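Between the sequences and the hints, there should be enough to build the whole structure, so can you do that?
Line order of the protein sequences matches chains A and B. Per my numbering, the first sequence runs over residues 1 to 465. Per my numbering, the second sequence runs over residues 1 to 345.
Hints should not be assumed to be uniformly reliable.
[As the list claims (entries may be wrong)] Which stretches of chain B does chain A cover? Using the computed rule of at least three CB atoms under 8 angstroms from a CB of chain A, they are:
1. 84 to 93
2. 108 to 118
3. 169 to 177
4. 272 to 284
5. 319 to 329
Don't read these hints as lab results, they were simulated from the structure. Here the structure is a predicted model, which means the values were calculated and not measured. Glycine included, every Cβ here is placed at the ideal spot set by N, Cα and C.
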Amino acid sequence: MEDLLAARSQMAMSLAFHIILAVVGMAMPLLMIIAEGRWLRTGDPIFRELAKRWARGTAIIFAVGAVSGTVLSFELGLLWPTFMEHAGPLVGMPFSLEGFAFFLEAIFLGIYLYGWERISPRAHWLAGLMVLLCGTASGIFVVTANAWMNAPTGFDFIDGQFVNIRPWEAMFNPMWFTQCAHMVIAAFQSVAFAVAGIHAAMLLREHRNTFHRHAIAIALPIAAITALAQPLMGDLLAKATAENQPVKLAAMEGHFETETRAPLRIFGLPDEDARTTPYAIEIPGVLSFLAYGDFDAEVRGLNDFPRDEWPPVAIVHIAFQIMVASGMWMLAISLLGVFLSWRRRRLFTARWYLWLLVITAPMGIIAIEAGWVVTEVGRQPWVIQGYMRTADAVTPMTNLVVPFTVFSILYLVLSVIVVYLLWRHVFQSPDLDTLQTLKDAAPPASEPPRADTPDTSNAPLPDSD
Amino acid sequence: MLELPMIVAAIIVLALIVYLLTGGADFGGGIWYLFATGERKDAQRRALTDAIAPIWEANHVWLILVVVLLFVCFPPAFAAIMTALHIPLTLMLLGIVLRGSAFAFQSYSAGAHRLERRSARVFAIASVITPFLLGICAGAIASGDIRRLESGAIDTNFISEWLQPFPFAIGALTLALCAFLAAVYMTVEADTAPLKDDFRRRALWSALATGACAFAAILLAMRDAPLVWTGLTNARWAIPFQLITALAALLAIAALWTRRFHLARTAAALQVALILLGWALAQFPYLVYPDIRITEAAAETAVLRPVLIALALGSALLLPAFVYLYKIFKPGPSAHTAPSPDEAA
Chain A
1 MEDLLAARSQ MAMSLAFHII LAVVGMAMPL LMIIAEGRWL RTGDPIFREL
51 AKRWARGTAI IFAVGAVSGT VLSFELGLLW PTFMEHAGPL VGMPFSLEGF
101 AFFLEAIFLG IYLYGWERIS PRAHWLAGLM VLLCGTASGI FVVTANAWMN
151 APTGFDFIDG QFVNIRPWEA MFNPMWFTQC AHMVIAAFQS VAFAVAGIHA
201 AMLLREHRNT FHRHAIAIAL PIAAITALAQ PLMGDLLAKA TAENQPVKLA
251 AMEGHFETET RAPLRIFGLP DEDARTTPYA IEIPGVLSFL AYGDFDAEVR
301 GLNDFPRDEW PPVAIVHIAF QIMVASGMWM LAISLLGVFL SWRRRRLFTA
351 RWYLWLLVIT APMGIIAIEA GWVVTEVGRQ PWVIQGYMRT ADAVTPMTNL
401 VVPFTVFSIL YLVLSVIVVY LLWRHVFQSP DLDTLQTLKD AAPPASEPPR
451 ADTPDTSNAP LPDSD
Chain B
1 MLELPMIVAA IIVLALIVYL LTGGADFGGG IWYLFATGER KDAQRRALTD
51 AIAPIWEANH VWLILVVVLL FVCFPPAFAA IMTALHIPLT LMLLGIVLRG
101 SAFAFQSYSA GAHRLERRSA RVFAIASVIT PFLLGICAGA IASGDIRRLE
151 SGAIDTNFIS EWLQPFPFAI GALTLALCAF LAAVYMTVEA DTAPLKDDFR
201 RRALWSALAT GACAFAAILL AMRDAPLVWT GLTNARWAIP FQLITALAAL
251 LAIAALWTRR FHLARTAAAL QVALILLGWA LAQFPYLVYP DIRITEAAAE
301 TAVLRPVLIA LALGSALLLP AFVYLYKIFK PGPSAHTAPS PDEAA
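Structure (structure tokens):
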């Protein structure tokens, strides 16, 4: 394996692994604090149990995410020292801020996970809120740095050097807002669907278990709201891409000829040599409309750009199709869910809908991975769009296939263990008897729970920690 | 006048010191997990994981802060280090991943006992390897073998810069320091007298090991790391500084000997901070000796100034939160006044 390819593969593999853990770490705190907040308001111990169990799953994933994120911060330099030497100061502002946001997130997650009996319920809930805010901020800052690679601004390029650096301009580059909003929504959307799907599967096994009904009742509204918002955000991002990275947009659409009334292509398999995209359903004018808000607008095709500046068209186009299809599917499932709950709350009794939720569980994650392929592969051959090629940024180190192989095996093993542990935690969810014990042990709702009363609610469970 | 690059460099050193004092002690916890012995073996291990669990992720972030500051503010130094030390840094990363994941797996094993036991062992072994490699990298940076050519390229064969006696001696020293810190902290945090005694013995032995490693490192520095050797012996500040460090070390040992564990903890932390500070002073004004100086490697003022402002604002949020975390999980002397059953007996 060629060293450049090995370096790219290692980076891609590390990111593909980390991105799932990162979005879970970002979105799970929202579900946790909603559950905990409802416990604080109603005194219903099932909500507390739900928050605790979700927190355990989050803890496993956050720990692995924290270390795989550390790996990435080193890999930026280990694999792409030339890129970091030039881009470091330019992406410095978002990365420094991300450092602080992540730091605060780690601190408050420690307090949240281990502080249940040490601080007041209200302080504990606030710690969870801090995890949510800092996690989201940290995600936004990282994506901001990535957006700069797509739309580099905030410098003068003189003799191959990035000089007269304007850090704020680099940070608030033309792509930052649309890319960040798209990613943040995707994070909450994918995690909400995954959680709803897992609890739907459990509810299919024990269809009267209120534990899982409570869980779905929290996750599904988030899933629905984000699934409805995402296509709008995606459209804004497509417009920003059309303006800043016309090559990427052309590759996403398998669009070779520059034309007015450009068609939207659904499915299709781009052929770079023939410069066509056969097997596609073409809807005339829609691409022009989506990119520029005008059915007659001209959309530049790949043929307008030098061949050696094309990204791998087929990969980008197919990944884009997968992302959009998953998004549309999730949108349909959401609309169906809204309809069902509006029609006399049939949501939990409609087994076919629970099955649909189970099938939909991985869609968000698939969409995120595919969307990330669109972003990153779509920028090739550039690491900094228009300024630095990926091939010029790689380390002189040789035999990079070795670390690539080692880290791939390691991450594979970790994935298996994480999935296995999450599965064990899910299948130890409380059964009906345990839930009744929980209810009996709880104080009446009129008395708010206090930190200094002995915690009996957790005692009868098999894996209480 | 204080220049911006110097301020950033000082902050990096400070973050490294805090990382060694907190994250380093977590590594030490893993080392003692591996070498838990005697009849209270399980109690020692439980005390160690309880002490690490709520805080390790926060402690770990200091390292990320150092890396980010390095590539934002001193990009040529970052590129040089990451290029020449590719191998030990990659191995260190493997250690970091294994350690963090394995610790989480054994904490949240959901009753999977075999996985729990194996994870605990992986956590312990990775806790030994990781600080050792970190020390090797630090030693290599100071030894003067990482050369940056006029063109900006790094003259390296990726091996001879770090596969040397001196970096390995620094690796061993780092390992000893981590073990020492963890053992001393645990004399305060362990909740029974026999456990405190277990860790007291370990603290005293590792103090001895630290001294031996430091002595070996200094001897090797004479030949292999002229910059550190000159700094630590010839500079104007060197002798008084060495004396203060030695006094802190003696104080830590004396306090351990007489079982004044809170005093021992303060003295040990001071000693370790001074060792790292002495190292930083000896290496001044170089980031990577002898081709990359702090001022030459620094990014433009337009980059440094906003980063420093962000650091100041971030610290205003971060430091109270960090203190709050430690207040919750590491209560001070006042909270420990109630004697544990064993001490009372």
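Hints, one by one, checked against the model:
Figure legend: the segment 84 to 93 of chain B, annotated as covered by chain A; annotation consistent (4 residues with Cβ-Cβ distances under 8 angstroms, at least 3 required). Only residues whose C-beta sits within less than 8 angstroms of a C-beta in chain A count toward coverage, and the segment 108 to 118 of chain B has 6 of them, enough to reach three; the restraint holds. Check result for the segment 169 to 177 of chain B against chain A: violated, 0 residues qualifying (beta carbon to beta carbon below 8 angstroms, three or more required). For the segment 272 to 284 of chain B, the stated coverage by chain A is violated: 0 residues have a C-beta nearer than 8 angstroms to a C-beta of that chain, whereas at least 3 were required.
Under the rule that three or more residues need a Cβ within less than 8 angstroms of chain A, the assignment of the segment 319 to 329 of chain B holds, with 6 such residues.
In terms of the numbered hints stated before, the structure departs from hints 3 and 4, listed from lowest to highest.
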